[in-house]
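> Based on these hints, arrange chain B on the given structure of chain A.
Chains A and B, in that order, are what the protein sequence lines are.
When the count follows my numbering, it moves up by one through the first sequence with no breaks and lands on 505 for the last residue.
When the count follows my numbering, it moves up by one through the second sequence with no breaks and lands on 216 for the last residue.
Hint data in this document are derived by calculation from the structure and do not stem from the laboratory.
Predicted model, so just to flag it, every value in this text is computed and none were measured.
Cβ coordinates follow ideal geometry from the N, Cα and C atoms, glycine included.
Some clues are possibly wrong.
What the hints assert, rightly or not - Just a sample of chain A residues kept apart from chain B, beta carbon distances all over 12 Å, derived:
(1) GLU334
(2) ARG370
(3) GLY375
(4) ALA379
(5) ARG388
(6) SER392
(7) GLY455
(8) THR463
(9) LYS474
(10) LEU479
(11) ARG487
What the hints assert, rightly or not - Estimated spans, in silico, between C-beta atoms of each pair:
(12) GLY445/A <-> GLY12/B: 33 to 41 Å
(13) MET2/B <-> VAL325/A: 40 to 48 Å
(14) GLU55/B <-> GLY343/A: 56 to 64 Å
(15) GLU117/B <-> VAL439/A: 23 to 31 Å
(16) GLY12/B <-> ARG319/A: 19 to 27 Å
(17) ALA345/A <-> GLU55/B: 29 to 37 Å
(18) ASP480/A <-> ARG132/B: 17 to 25 Å
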Amino acid sequence: MFGTLGYRPKSLIPTLKSTKGVEKLVFYCGADREDPEAVKKVAEAKGEVLDYCAQMGFAVDAVELPDPFDFKRIALRIRADIRRHRKEGKSIAVFNIAGGTRPTSSAALLACILEGIPTVYIHDITYEEIPLPLLRIEYSKVLSGEERQILKVLRQHQGEDISEVALAGLVKKHKATVNHHIKNLISKGAVRLDKHPLDSRKRVVRVEESTDLLLGDDE
Amino acid sequence: MKILTSTFRDGDDEKILLAMRSLPYDRLVLFGHDDAEGPSLEKFRRLERLSGHEAGFREIGTASFMEMVDSISEELADLGSDKETGSRNEVTLNISGGSKIMGDAALLAAFRLGVEAYHCDRVVIKLPVLRGATAKDRFTGLQVRLLDVMADREKPLAEVIRAMQPNSKASSERTIRELRRLRLIKVRSEGGQVHLGLSSEGLEVARAVRFARAR
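Pulled out of the complex, with its shape left as it was, chain B reads as follows:
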């Protein structure tokens, strides 16, 4: 199924209609804050009912910019697969609706997940999100596994090596060096023990890998 998603707030009729006219889709899902209910959302619900589909609405929290990025990423990842049939959906995203901060958060989420994205406002602009250019595509299986192992908290080196088994110690250490060179891992010494943790960039890569994998 082709799913057209868009950031949205009441009054965004022209932008959403432009996306609906220009981008082929079966089902429309709008992302908005809790104040999105209003005449515009009602109008899109009515229009979609005429085509035999319900317009979906997913609420995006307003707590912070990065939580918004995560929230939109989660929704996009969730819409990427059909839970009943297990088949994959083709998801496209329009970032021109909603508040400025939500549009920017959606743009980051699109790049993070490699979702086809557009900016529909007077004209339709396709954004240069390349397939095969997400964080998940850039790292080897072993590097991704190490990021997973370290995603929740800082850990002593010995614990990381243990969690990476059955990979050998040498191979795990090589992977740690690779990610350290990429500045994704921070190393700290305390009481004669080496502790490893993800840098802020490492945390973002770990999150991006998790969302991209969920798609």
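One chain only, chain A, in its complex shape:
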């Protein structure tokens, strides 16, 4: 089971109780380091969750986020952890996104949407568990293999001014084929064409910043 934690262990622990066969809890926490009260409260909550897991015999990974307000880094970190656990053959029963800072919770939800992980929220007052719908957006089906390859190459050359012709050379495909895929990627909002900084007649292909979040660090 995965989760996010803020000040209240009660936002996380009910999911441990309601989920069958949990062997391990991975949870993400972190406080604004300039706010001593927040640091203290998060540390207390973390201690309580660790104590609960020790008593119950669950393995636990408490991940301290260096900046609990850095949406992008948190999303990438959580996504990489989910993928790593899956690669190791572990199945993720549920992700509780109720605790933590706003960016931490939203970043966790984003990772769950993209990875298709069942997600739950805990009601603030009743502590009732609310399952969120699985959107089942299968990006592997939205992006073709060729499109993913092109995105991968563009990310490897991020910061360079790559034209479609140059890109065709890099992916070893015909220019017309690459042009076709680039058109599709533009229509999906994954890349854009910008003017070349030195020659406004030319166009360079740029990956939209959201593609990092879409594909994750390890792709």
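Below, chain B alone, put in the same frame as chain A:
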């Protein structure tokens, strides 16, 4: 028209201003709860008046998380088209304002409808909502029709087949099998009759299709 929408509560000035500075728009519409009135909302109303537009405010209920997702989806779908001219509006959504639960509900709504979305808090992060990746885009016309037929309640198989006419029985049964394989349909036998209903995932897909179609 370009419409910038954002989740909002009083005190969210920096986040909303960052979105306003960074994302091109003609009209600003804020989504908040009934306690959103305050100095911040007044400030945005004043700023927008200077540009010749009224800042819109749409109230989002607080009843439950999923009702919030539905409520934001409805507002986004409504803003997607101009009622007077019939033309389409370009809607973008910032999810960094408002309560944590509202931000998360807005994130789900953005993916459900395929609305361009951002997280503006100190920096602007574009979220990976891909166009052409909504529930509506993933299903065939016949599958969508079947979801519509079954959206309101569980029905006997014969009634579903009848409602799918003029599609043939064979084609409707094939579509039922397809959606069953995707675990969107539940089948139950009672008194020698087969009843079909949508699973919780099926209900969400039906809702998502309805909102995406309304955009």
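> Failing hints, ascending?
5, 6, 9, 17
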